[in-house]
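Taken in order, these protein sequences are the chains called E and A.
Using our numbering, the final residue of the first sequence is 444, and nothing's skipped along the way.
Using our numbering, the final residue of the second sequence is 444, and nothing's skipped along the way.
Derived by calculation from the structure, the hints in this document are not laboratory data.
Treat the hints with care, as some may be off.
As the list claims (entries may be wrong) - Okay, derived cross-link-like pairs now, DMTMM-like style, lysine to aspartate or glutamate, Cα gap no bigger than 25 Å in a straight line:
(1) A:K252 / E:D163
(2) A:K378 / E:D313
(3) E:K378 / A:E335
(4) E:K252 / A:D389
(5) A:K378 / E:E172
(6) A:K378 / E:E335
(7) A:K252 / A:D313
(8) E:K378 / A:D163
(9) A:K378 / E:D366
(10) A:K378 / E:E292
(11) E:K252 / A:D320
(12) E:K378 / A:E172
(13) E:K378 / A:D320
(14) A:K252 / A:D320
(15) E:K252 / E:D163
(16) E:K378 / E:E335
(17) E:K378 / A:D313
As the list claims (entries may be wrong) - Residues of chain E clear of chain A, computed beta-carbon distances all greater than 12 Å:
(18) E110
(19) G127
(20) V178
(21) A222
(22) T311
(23) A354
(24) R443
For every residue, glycine included, the Cβ atom is placed at its ideal position computed from N, Cα and C.
2 protein chains.
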Amino acid sequence: MTDENLQVRLASRPAGRPTAGNFTFTTEPLPVPREGQVLLRTRYLSLDPYMRGRMSDAPSYAPPVEVGGVMVGATIGEVVESRAPGLEPGDVVLAYSGWQRYGVARADMVTRLDPASGVPVTAALGVLGMPGCTAYVGLTEIGQPKPGETVVVAAASGPVGATVGQLARIFGARAVGIAGGPEKVEYVRSLGFDAALDHRSPTFTADLAAATPDGIDVYFENVGGHVWEAVFPRLNQFARVPVCGLVASYNATSLPDGPDRTPLLLGTILRKSLTVRGFIVSDFMASHQPEFLQRAAPWVRDGSLRCREDIVDGLENAPEAFIGMLEGRNFGKLLVRV
Amino acid sequence: MTDENLQVRLASRPAGRPTAGNFTFTTEPLPVPREGQVLLRTRYLSLDPYMRGRMSDAPSYAPPVEVGGVMVGATIGEVVESRAPGLEPGDVVLAYSGWQRYGVARADMVTRLDPASGVPVTAALGVLGMPGCTAYVGLTEIGQPKPGETVVVAAASGPVGATVGQLARIFGARAVGIAGGPEKVEYVRSLGFDAALDHRSPTFTADLAAATPDGIDVYFENVGGHVWEAVFPRLNQFARVPVCGLVASYNATSLPDGPDRTPLLLGTILRKSLTVRGFIVSDFMASHQPEFLQRAAPWVRDGSLRCREDIVDGLENAPEAFIGMLEGRNFGKLLVRV
Chain E
107 MTDENLQVRL ASRPAGRPTA GNFTFTTEPL PVPREGQVLL RTRYLSLDPY
157 MRGRMSDAPS YAPPVEVGGV MVGATIGEVV ESRAPGLEPG DVVLAYSGWQ
207 RYGVARADMV TRLDPASGVP VTAALGVLGM PGCTAYVGLT EIGQPKPGET
257 VVVAAASGPV GATVGQLARI FGARAVGIAG GPEKVEYVRS LGFDAALDHR
307 SPTFTADLAA ATPDGIDVYF ENVGGHVWEA VFPRLNQFAR VPVCGLVASY
357 NATSLPDGPD RTPLLLGTIL RKSLTVRGFI VSDFMASHQP EFLQRAAPWV
407 RDGSLRCRED IVDGLENAPE AFIGMLEGRN FGKLLVRV
Chain A
107 MTDENLQVRL ASRPAGRPTA GNFTFTTEPL PVPREGQVLL RTRYLSLDPY
157 MRGRMSDAPS YAPPVEVGGV MVGATIGEVV ESRAPGLEPG DVVLAYSGWQ
207 RYGVARADMV TRLDPASGVP VTAALGVLGM PGCTAYVGLT EIGQPKPGET
257 VVVAAASGPV GATVGQLARI FGARAVGIAG GPEKVEYVRS LGFDAALDHR
307 SPTFTADLAA ATPDGIDVYF ENVGGHVWEA VFPRLNQFAR VPVCGLVASY
357 NATSLPDGPD RTPLLLGTIL RKSLTVRGFI VSDFMASHQP EFLQRAAPWV
407 RDGSLRCRED IVDGLENAPE AFIGMLEGRN FGKLLVRV
């Protein structure tokens with residue numbers, strides 16, 4: 107067992123695409139838990155697109171990571187030392203230790219996981235975690251697909267997109283998934299989506315039209331960019347657009363060339379009575395997570411809700427894996443095995 | 107009494123700003139009501155911005171007026187001849203006769219008005235009509251202002267905007283109205299708005315900031331253009347934007363110069379968890395009009411909900427009045443006394 111705490115810190119704020127140089131590695135002595143706290147050894151670190159926002163000091167819904175600070179992130183950790191009742195060494199918990207080998211946490215800020223539940227503990231970072239709950243909240247609160255309606259989602263091989271499509275089908279809607287490259291498209295199809303499209307194909311716009319003959323009733327927006335351009339004209343009257351991410355523009359340093367199509371967007375929102383609504387899942391965890399877990403855990407256990415995991419070994423590889431994810435180089439829920 | 111039916115028809119579709127040449131006048135013999143119908147003599151014709159959309163054949167929520175067809179519109183008419191039980195000559199009704207002196211209507215498609223109700227019958231075209239109900243639906247269904255929140259609306263001397271602000275205050279919110287020119291601004295202030303601003307002022311953006319020190323929670327969008335530009339950065343986390351009109355762009359023939367700020371709009375919707383939702387009041391009349399009338403009629407009677415009327419005499423002046431309205435040259439609810 108390593109007795110030093112390897113950490114990944116923000117060295118500098120990226121301009122555009124993050125580079126390895128925006129991260130720095132440090133080692134520190136193990137932190138010492140105080141009364142009510144536990145010392146955790148990180149087993150898995152979740153890498154998620156929202157972290158790009160935390161690297162920037164542009165105004166956002168959450169404060170940025172300070173330059174020099176440890177990168178934030180959800181983790182699965184094993185209790186090494188406990189000064190809190192109810193948690194024992196060896197317990198496995200969902201925590202927010204960030205990009206480091208060890209962390210201390212207040213016992214009431216972690217969630218004990220049951221390794222014998224029939225669901226891999228890593229699901230707590232994926233289909234049963236923040237990504238899965240994002241899909242659930244966006245669909246149930248905003249998208250509200252009715253049976254027979256068409257739901258479209260991009261990054262459909264990722265944990266949010268995969269969950270959106272599978273939930274849409276569980277709710278009786280048609281699910282059309284968009285992904286990058288034939289391998290991911292094939293995987294999306296294997297999840298039971300009614301159609302799966304490659305946004306890199308030169309015929310993507312026509313493919314989308316063919317796959318949505320009745321238009322699009324719900325577009326779960328998590329990428330933006332040219333997928334949005336193709337989807338936008340196909341939105342039906344009264345369509346709903348939950349906006350949970352815009353990965354395609356997270357690394358952008360300038361706006362696209364003109365003309366300014368803002369009036370076109372607002373005009374279409376008016377003409378088609380569209381609902382375009384942004385949401386951050388953390389605002390809904392308290393109200394929706396219990397219901398989500400209660401409904402979704404059986405689906406995960408019986409295989410009707412799943413998402414592959416893309417596991418990278420070694421905390422030292424976290425920066426490169428994260429940079430690749432922003433460009434779609436991961437394939438499934440991206441985790442670092444620490 | 108004129109025994110011919112003067113009509114205003116769409117002569118050609120406007121490219122940009124409508125001109126007098128887009129309209130043509132015709133006369134026809136009086137139409138003859140059939141069983142179940144009434145012959146109406148138009149007393150007042152309502153002129154509303156949505157009519158610009160009906161002159162165009164661009165895709166919209168409602169079919170366009172055919173070239174050569176009579177311009178559509180809500181009217182207040184007097185029954186001249188009745189072939190329907192329950193309606194007698196002399197009765198005054200709300201109808202949709204369009205831009206003409208006479209019209210026939212099915213008795214079940216008109217609403218009898220009570221000239222002795224204490225409310226002028228013209229209110230049925232303004233604060234108690236489609237414009238008032240638009241304000242009510244947009245605020246209660248989408249804007250949902252909470253006490254103490256800040257509601258901003260433009261075209262605040264018009265029937266929708268004036269109603270939005272007065273309802274917002276009735277609901278306990280702060281109301282900030284925007285209008286064009288000192289006279290309209292003074293009028294908006296006299297309606298009880300907490301602040302009234304002139305969008306033509308060179309200090310408009312700063313004035314808006316000063317008038318919304320706590321940001322903007324609800325922006326009732328009915329104009330677009332440079333008012334939207336000023337409002338957009340001041341929207342608060344979780345702000346709601348009911349989109350009911352975009353008068354500033356109705357005559358536009360091209361998009362503004364770039365860059366394309368669509369990603370900025372979508373990114374802000376995401377970052378601030380905004381709700382931007384378009385609506386057409388006709389989709390809500392069946393569900394909301396009875397409740398609206400029940401609540402709002404007493405407010406109109408006691409003077410807590412009002413809007414001035416801008417009455418133009420003579421159907422022959424309707425085209426010019428309509429063209430002027432799209433440029434903000436009216437002052438209050440625009441009506442034609444036929």
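Status of each hint after checking the structure:
no.	hint	verdict
1	A:K252 / E:D163	violated (31 Å)
2	A:K378 / E:D313	violated (33 Å)
3	E:K378 / A:E335	holds (22 Å)
4	E:K252 / A:D389	holds (19 Å)
5	A:K378 / E:E172	holds (21 Å)
6	A:K378 / E:E335	holds (22 Å)
7	A:K252 / A:D313	holds (23 Å)
8	E:K378 / A:D163	holds (15 Å)
9	A:K378 / E:D366	holds (21 Å)
10	A:K378 / E:E292	violated (35 Å)
11	E:K252 / A:D320	violated (38 Å)
12	E:K378 / A:E172	holds (21 Å)
13	E:K378 / A:D320	violated (31 Å)
14	A:K252 / A:D320	holds (14 Å)
15	E:K252 / E:D163	violated (39 Å)
16	E:K378 / E:E335	holds (16 Å)
17	E:K378 / A:D313	violated (33 Å)
18	E110	holds (37 Å)
19	G127	holds (25 Å)
20	V178	holds (17 Å)
21	A222	holds (38 Å)
22	T311	holds (17 Å)
23	A354	violated (8 Å)
24	R443	holds (30 Å)
When held up to the earlier numbered hints, the structure conflicts with 1, 2, 10, 11, 13, 15, 17 and 23 and fits the remainder.
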